[in-house]
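**Student:** As a plain string of letters, each chain reads:
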Amino acid sequence: MSAVALTTETVAISAPRGRRFAPAVYLTAAACVAVIVIMSGPLIPSFLASIKAPDDASASPPDYLPQALSFANYEKVIGFQAGLATYVENSLLVALMTIAACIALAAPAGFGLARFSMRGKEIAFLVLLAPIMIPYQAILTPLYLDFAKVGLVNTHFGLAIVHTVLQLPFSIYLMRNSFEAIPREIEEAAMIDGCSAWRRLTFVFLPLAVPGLVTVALFAFITSWNEFLAALIFMSRETSFTVPILLVSVRIGHHGAVDWGALQASVVISIIPCLAIYLALQRYYMSGLLSGAVK
Amino acid sequence: MPRSARLRQLQGWLFALPALLFVAVFVLVPLGQPIAMSLTDIKLLGGSKFIGFDNYFRIWSDLGFWRALRFTAEYTLILTPILMGLGFALALLTVENTPLKRLTRTIVFLPVVIGLSSSSLLWFWLLDEQVGLFNKLLVDLHVIREPIVWFVTPNLAFSAVVISITWKVVGFGVVLFVSGIQAINPDILEAAVMDGASYWSRVRLILLPLTRRVILLTTPVSAIGSMLAFDQFYIMTSGGPRGQTFTAVYWIYQNSFVLFKLGYGAALSIVLTLIILVFSTLQISLTARSEPQ
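As they're listed, the protein sequences go chains L and A. The first sequence lines up with residues 1 to 295 when you count with this note's numbering. The second sequence lines up with residues 1 to 293 when you count with this note's numbering.
These are computed hints drawn from the structure, not numbers from a lab. The structure presented is a predicted model; accordingly, all values stated were derived computationally and were not measured. Positions of the beta carbon are idealized from the N, C-alpha and C atoms, including for glycine. Heads up, a few of these hints could be off.
[Unchecked claim] Simulated restraints, written as ranges between beta carbons of each label pair:
{"no.": "1", "chain 1": "A", "residue 1": "ILE82", "chain 2": "L", "residue 2": "GLY151", "range": "40 to 50 Å"}
{"no.": "2", "chain 1": "A", "residue 1": "SER238", "chain 2": "L", "residue 2": "GLY41", "range": "20 to 30 Å"}
{"no.": "3", "chain 1": "A", "residue 1": "LEU156", "chain 2": "L", "residue 2": "ASP55", "range": "23 to 33 Å"}
{"no.": "4", "chain 1": "A", "residue 1": "SER285", "chain 2": "L", "residue 2": "ALA82", "range": "44 to 54 Å"}
{"no.": "5", "chain 1": "L", "residue 1": "ALA82", "chain 2": "A", "residue 2": "GLY64", "range": "27 to 37 Å"}
{"no.": "6", "chain 1": "L", "residue 1": "ARG199", "chain 2": "A", "residue 2": "PRO18", "range": "15 to 25 Å"}
{"no.": "7", "chain 1": "L", "residue 1": "ARG283", "chain 2": "A", "residue 2": "TRP66", "range": "41 to 51 Å"}
{"no.": "8", "chain 1": "L", "residue 1": "GLY79", "chain 2": "A", "residue 2": "VAL258", "range": "24 to 34 Å"}
{"no.": "9", "chain 1": "L", "residue 1": "GLY41", "chain 2": "A", "residue 2": "SER61", "range": "41 to 51 Å"}
If we strip away everything but chain L, and leave its shape as in the complex, we get:
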């Protein structure tokens, strides 16, 4: 419902245009600009610092702008320990597995909960949401011990399972709400045409819930790409580190001093995929998030 509300152009929070007190318009515009500056402020110097020469990046007091363009920081990050490519590959693989698992589990579950009347449905829903309410740190130790027994420690698959645990409740919540928002008539028409439940899900409901699916995938990516604690515990071998672990290890330079340039280069590397995906898919993301989140 809110997805629809978002597209209506005027929301009468403020007084109608003609009666508006003009300075208020300028004030809110100025406030918006200030907010934009403050919120984007920290990201820009990080990028600028990453293309400084390493000595320049560690200069004290610092300069706002690079003295000269240099990719030495990126070169260091690319060649760090097992190599950036390894870490990015690990992170991407884990993220893709997490996305696949979240969609494969949450779409049918959301469909079942949204479109079938079942006794005890709300209890099942609560059980599925339970991981939000328990500190996942509490289950990391037992999972670690179990995974160690079956050889899942230091594997992409093992870490993807943990990330799916983290992301599944939100995914199911979102998919259920997305499917509930689809008009009953569409489903009934499909039933009259003799579509089985499985075909209704795959051919009728999933195509209509694309914003929800995109949102699930995006949040799964962002959670997995950035997750730190489980990666720190489960991935103990240098070749199985993910990008967030690289971030923390790269800051230790020679003699224990922080290598600021390399640190900012790796921060930029870790941020760029998230920002790019967010900005590219923002339309889906927002309507999917809103139609799923607020009901």
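Given the coordinates of chain L, work out where chain A should sit on it, guided by the hints.
**Tutor:** Quick look at chain A alone, frame taken from chain L:
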């Protein structure tokens, strides 16, 4: 029950089954294990023997844990109102769909999609007293004379984390509040304007009450997130100075994976889980009670 209804019921359960199995195997079963583990002195390497409730008695006298818990509570009590208040204020500012306000919303949400470790490292650098641009900017603007050394006193280190986390997550609340406000029937606001209600009385008497549901849903989720804080302190303060910024989860991590006392760590995490369960049940029952009938 007619046969078709039973079939539909079965179909519904079949669709939910994979997810239910997943949660059972990877959440509910592991959640039970710490209970057994907490009654042993299991170490990460080497054996374990049954020691009854010794771990729990030790928690009672573990000053570090209680200090970490109090610190976590303070962090939550200070951060949650900031996030909710600022989030609502920014939502009010950007709720209309003009291009500038849309852009502002987009930018405010940007930090939400970047990682907590990335943003913590970013702020760790910005706030550094030697190379950080935050200090340099304040000095250049003559706000302060000398760079602030953020991570030597617990209060400053705490503030540094609060600043960075506010920047990082405030956008999430903003998006939810904006959608909550936009879902309000415009006629109600139109009528209030006609009746000559001022901006603030419209906010107080219409917007706040009608978005209460969203606010009440967002607050406990945000508070629970704060109670489980780890990454930001691990990266920015390492629990220091002198162990004064350990959070509860950090203390559990320290015991389980640095000191390798898994049994004790399990006992700690059970205590924390119970505390959070009590807290969220309380929150939910308060929410339910204030729901308009």
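**Student:** Against this structure, judge whether each hint is valid.
**Tutor:** Hint-by-hint comparison with the structure:
no., hint, verdict
1, ILE82/A x GLY151/L: 40 to 50 Å, "45 Å, holds"
2, SER238/A x GLY41/L: 20 to 30 Å, "26 Å, holds"
3, LEU156/A x ASP55/L: 23 to 33 Å, "28 Å, holds"
4, SER285/A x ALA82/L: 44 to 54 Å, "50 Å, holds"
5, ALA82/L x GLY64/A: 27 to 37 Å, "35 Å, holds"
6, ARG199/L x PRO18/A: 15 to 25 Å, "18 Å, holds"
7, ARG283/L x TRP66/A: 41 to 51 Å, "48 Å, holds"
8, GLY79/L x VAL258/A: 24 to 34 Å, "29 Å, holds"
9, GLY41/L x SER61/A: 41 to 51 Å, "46 Å, holds"
Consistency note: the structure conflicts with none of the earlier hints.
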